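Chemist: If you want the building blocks of each chain, they are given just below.
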Amino acid sequence: MSPMSETIVGIGTRKGLWLARSKDRQEWSLDGPHFLMSEVLSLLFDTRTDPTRLLVGFRSSHWGPSLQHTDDLGATWVEHPEGSIQFPADTDTALKATWQLVADPHDPNVVWAGTEPQGLWRSADRGETFELNRGLWDHPHRPEWGEGFGGGAIHTVLPSPADPDSMLVAMSTGGVYNTTDGGQSWSPGNTGIHAYFMPHDEWPEFGQCVHKVARDSATPTRLYAQNHKGVYRSDDNGVTWTSIEAGLPTNFGMTAVAHPRRGDSVWLVPIASDGERIPPDAQLQLARSDDAGATWRALTTGLPHSWTNVLRDAAGTDTHDQPGLYVGTRNGEVYASTDDGESFSLVASQLPDVLVVRAGTLP
Amino acid sequence: MTVRVVLPGLLRDLADGAAELPVELDGGAAPLSTVLDRAFEPWPVLARRVRDERGEIRRHVNVFVDGEDAKRAEGVDTEVGATSTVHVINAVSGG
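Quick note, the sequences are listed as chains A and B, same order. Take 1 as the starting number for the first sequence in this note's numbering and just add one per residue. Take 1001 as the starting number for the second sequence in this note's numbering and just add one per residue.
The following block holds chain B by itself, in its conformation from the complex (with noise of 0.2 Å):
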């Protein structure tokens, strides 16, 4: 059962090139902090443009799973389906 992290193009080149990371999820469901943290397990700078040291997700970075926002549900506590689609978004704030 494979969770698809799928990244904006900003961040791509930190992950070589790709456009998506599959996670498998062997127990089913995991919070999404789990699988931020094994998409991210081989691209360190990667997993700090996303989240800070608290492992928190940066204030204007919005990850949606499933179409949700996490942010607006249980932050990196929200659950994530073993066949879910969690997308990294730059949220659409700068001046």
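Excised from the complex, chain A in its bound form (with noise of 0.2 Å):
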């Protein structure tokens, strides 16, 4: 991909969504807000077909949830008629809001969303329109999933590259649910993980705060988990854990992100712990592992004195060939980095705080 295509950068806040284009990567124009007083809670560049198609799930504290798509970059904004995501009759439930949307990596068409209360959703039309995955719903650990600080959602959805009927999810509480027959059924993954807790059984069958999880680029079966106190590593496509905190600052963050383009490559942001939501030594930074968890390195260089940190889903990537990482915090600024996180500069700042932030490259 040419070093000189646009990229474009979503930041979702909880006062609305903004857009910044950059065609070098140092300087960005901003365009927004877009859905102003709206909680912006997750973003799909969906780049599978021309034009790009912006995804976005958001909720206003008045009138609700939406999602909403635009196939011009912002300029005008579609919304289902009938709502693109509506809990059927026989649920009795009402969506709260869109959490994650995710592109499917075999089917242009499909996209995955994952929403409060717990559902795994499946799109064939690009988004348009949602049907609820009755596995997940149906699973009969689901009246005993937890609801996290922010409510309780699918919050990572992973499908597998290398078999369309494989997937992860991850939710808090709750944690890790495996599928391999295409979502007809669901199992938990999350041996090996702690769960301190829970004083009656730490090492329970689910249950875990699993915070992200990310997907290595290189080896399918390989992820990594930033829980509420421990960071792991599996091996075995989701099923079993081990620990890969040795070398952090602190076992505690909300986010984790892959490398794009280099297998066995991740980013974490660490928080100084549950009880203490700032970064490691007021300083706000990064660590990387360049060899699956083994080792850590912290990454700083360009980024503040800080006491703000870095929620769930405010870290992503774009689709350059030297991939560009962008992170933004709850005080409202944006960094960018080209350089695989050994430096940052500043893209945007005085937003709302940031809740998502995804990255596309345009043609």
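By construction, these hints were calculated from the structure, which means they are not laboratory data. Computed from a predicted model, the values in this text were never measured in an experiment. Wrong hints could be hidden among the right ones.
[Said to hold, decoys possible] Here are some chain A residues pointing at chain B (derived, C-beta under 7 Å): (1) Ser61; (2) His62; (3) Trp63; (4) Gly64; (5) Glu79; (6) Pro81; (7) Glu82; (8) Gly83; (9) Phe87; (10) Ala94; (11) Thr129.
Even for Gly, the Cβ is constructed at its ideal location relative to N, Cα and C.
The two chains are supplied separately, each in an independent frame; assemble them into the complex guided by the hints.
Modeler: In structure tokens:
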């Protein structure tokens, strides 16, 4: 891909969506807000077909959730008249929000959504209408899944690029669930993940507080999980996990991002602890491993002394050959790196709290 | 006999700019759910802003029937008279 192709970064905040665009990833123009006063929780730049489609999941505290898309990068927005995601009547459930939007790696018309409450949804028309996955919704564990501070949601959806029948989802609390039969049945995949907050059984089958899972870009059966206290790697497609937290400044954090071009490489954004949700030593920083979690390096160049942090989906990458990495903070700043996190520069500041960051590359 | 359903300014674009929607009630009184169903029938996006897919009024939306908060009455089962006025109002909450 040409290094001169334009980059677009979607910045979803607590009070609307901004779109940052750049031809060189140094100078950025900012367009927004779209959906002013709505919490923008999920974004997807769907570049599988031309033109690029941007899907946005947001909610207004007054008017409820909505999912809209644009095929002209925000000039006009389309909302399905009947609502893209509506819980079926027999569930006696109302949608609270769409937390995750993911392009299927096998079918260019398929988009997956993760919602609050804990639903997984499949669209076969590029995100215009969705159908509830009944295998997960009817899972006997569902009544025991809990709610994190932000609510109970499917916050991670990772279809396998190696197998169209394989997918991992994650929730807090509840943990990891896997399917290998195209979503008909789901099994918990939390073996090895510590749940210190469950005093009677700290190693339960499910109930873990998994904050984010990322899939290795070279080895699809390898995954990285940032937990509520604990960082883990799985080498068996998310069934069992081993700790990779040694060498990190802290085992707490909200997000994990796999390097999109290089296997065994993953970024985390460490947070001091669950009781002190600030950067370690009040220095905003990322941690990167290039050996699948065996060793870690702190990345701080260009990042400030700070009392803020980075939320679950407020980090993402673009698709350039040398990928850009973008992180957004709770105090409304967005930083970009074009050297794998060795240095960062400011994309935007003085925005509302950043909830989600996703990037795309335009033709 | 006509019920007036008065919309807040923030939602009027979703009803082609209308400030209020008339609903004819042939048989006299009707539940609020029926009145809202009829008022919003041509405007499904507007309907979803006010009520969720179960038909419940959203948490931070208030609906008044002749000045009475429906949530403090019978909710969407609150009786609406044939000449009543229904106000849809966004709650004074936010951050």
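Chemist: Please flag the earlier hints that this structure goes against, numbers listed from lowest up.
Modeler: As far as the earlier hints go, only 11 is violated by this structure.
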